[in-house]
Amino acid sequence: MNWIADYHMHTHHSPDSRSTIAEMAASARLRGLSEIAVTNHFEFFPSGNAQSSGNDPLALTNHGFTLENFEDYQEELHQFRECYPNAMPVRFGVEAGQPFEDPSYASELMDAFDFDFVLGSIHNLGHVDLYVADYTKQNLSWFCRTYLEALYRLADECDYDCLAHIDLIKRYAAFRGLKADLMDYADDLTAVLKRVIERGKGIELNTSGIRQDVGEMLPGLSVLELYKSLGGKMITVGSDAHNPHDVAADLEAGYQLLKQAGFSSVCSFENRKPIFHLIEDYN
1 MNWIADYHMH
11 THHSPDSRST
21 IAEMAASARL
31 RGLSEIAVTN
41 HFEFFPSGNA
51 QSSGNDPLAL
61 TNHGFTLENF
71 EDYQEELHQF
81 RECYPNAMPV
91 RFGVEAGQPF
101 EDPSYASELM
111 DAFDFDFVLG
121 SIHNLGHVDL
131 YVADYTKQNL
141 SWFCRTYLEA
151 LYRLADECDY
161 DCLAHIDLIK
171 RYAAFRGLKA
181 DLMDYADDLT
191 AVLKRVIERG
201 KGIELNTSGI
211 RQDVGEMLPG
221 LSVLELYKSL
231 GGKMITVGSD
241 AHNPHDVAAD
251 LEAGYQLLKQ
261 AGFSSVCSFE
271 NRKPIFHLIE
281 DYN
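In full-length UniProt numbering, the protein residues as written are 1 to 283.
Don't read these hints as lab results, they were simulated from the structure. Hints may contain errors.
Stated by the list, open to error - Computed list of lysine to any residue pairs in SDA-like fashion (alpha-carbon distance at most 25 Å, straight line):
hint : residue 1 : residue 2
1    : Lys259    : Glu35
2    : Lys273    : Asp114
3    : Lys137    : Ala150
To be verified - Have a look at the derived ranges for each label pair, beta carbon to beta carbon:
hint : residue 1 : residue 2 : range
4    : Gln74     : Asn139    : 36 to 44 Å
5    : Arg211    : Asp181    : 13 to 21 Å
6    : Gln74     : Lys259    : 30 to 38 Å
7    : Glu82     : Ser229    : 43 to 51 Å
8    : Arg176    : Ala26     : 33 to 41 Å
9    : Ser222    : Asp134    : 24 to 32 Å
10   : Glu280    : Thr190    : 28 to 36 Å
11   : Glu68     : Phe276    : 33 to 41 Å
12   : Pro103    : His277    : 26 to 34 Å
13   : His78     : Phe175    : 35 to 43 Å
Predicted model only: the values in this text are computed from it and were never measured. Virtual Cβ for every residue (Gly too), placed ideally from N, Cα, C.
Start from the sequences, fold in the hints, and give me the full structure.
Now the structure itself:
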């Protein structure tokens, strides 16, 4: 059987999911996965608090972004492993949103838990929630450049293993009927990817765009090829599932896209250490 893993998903210890670890793992097993990583949200903000914005659960003030919540998350995973000792590996992960905004709290989080895998992401620019931002043709370039500035800070300053959905802003722009392509800012994007590689880190291929308005993966082929051409090797693949139905969504297509971009392997993580697996054919 081909090795295939979903390395980005959320459970009810993220404010935008209601699913349990057991439910997500059961779905992964039914879909023939070899391994999963749960990567619950932990967002950081300039004031230490989120600002309420629209209906985005990640922007609700301090909603779930506490060490106590992650202690409960860790305990749920411990109980799952005890109840199902023969289950596939379920890795203990976190998706840390803009940790440079509150570095002392971010350090406290990393010191408090022995994560297997840490995704770094950008969901907000200061107090601007990218999910509900007012994108227009006139301001889209500003958003893209400011997003890339934040992404460079993340790549350069923070503790992570892989950067999540690095061109996420194209998904948010697509919600407004606009097209955002970070390859239009290739110099800034190249600087981000070079810094990732220099630090011995990686990026994620996030398949969620296929089932959402953007209609393509995050990032797309051109960004993957750029990363590969710069010497990038470390990459994970994740569905960004928030419910059992979306677990493993479009993973095989993601693996094929990686092969098209020239990658021969994909990573899993244990105790923050990458393990490389050859990409097989999924036709």
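Cross-check of the supplied hints:
Distance check on the hinted pair: Lys259 and Glu35 sit about 20 Å apart at the alpha-carbon level, within 25 Å; holds. A hinted pair counts as satisfied when its Cα atoms are at most 25 Å apart, and Lys273 with Asp114 qualifies at roughly 12 Å. Restraint check for Lys137 and Ala150: the C-alpha separation of about 21 Å stays at or below 25 Å, so the hint holds. Between Gln74 and Asn139 the Cβ separation comes to about 41 Å, which falls inside the hinted range of 36 to 44 Å.
For the hinted restraint 13 to 21 Å between Arg211 and Asp181, the CB-CB distance of approximately 20 Å keeps it satisfied. For Gln74 paired with Lys259, a C-beta distance near 35 Å keeps the hint of 30 to 38 Å intact. At about 45 Å, the beta-carbon gap between Glu82 and Ser229 stays in the expected band of 43 to 51 Å. About 36 Å separates the C-beta atoms of Arg176 and Ala26, a value consistent with the hinted range of 33 to 41 Å.
Checked against the hint of 24 to 32 Å, the pair Ser222 and Asp134 passes, with Cβ atoms roughly 27 Å apart. In this structure the supplied range 28 to 36 Å holds for Glu280 paired with Thr190, their Cβ-Cβ distance being about 30 Å. Our hint of 33 to 41 Å for Glu68 and Phe276 holds, since their Cβ atoms are close to 36 Å apart. Between Pro103 and His277 the beta carbon distance is about 33 Å. The supplied range of 26 to 34 Å therefore holds.
The hinted window of 35 to 43 Å between His78 and Phe175 holds, with their beta carbons roughly 38 Å apart.
Every hint from the earlier list agrees with this structure, and none is contradicted.
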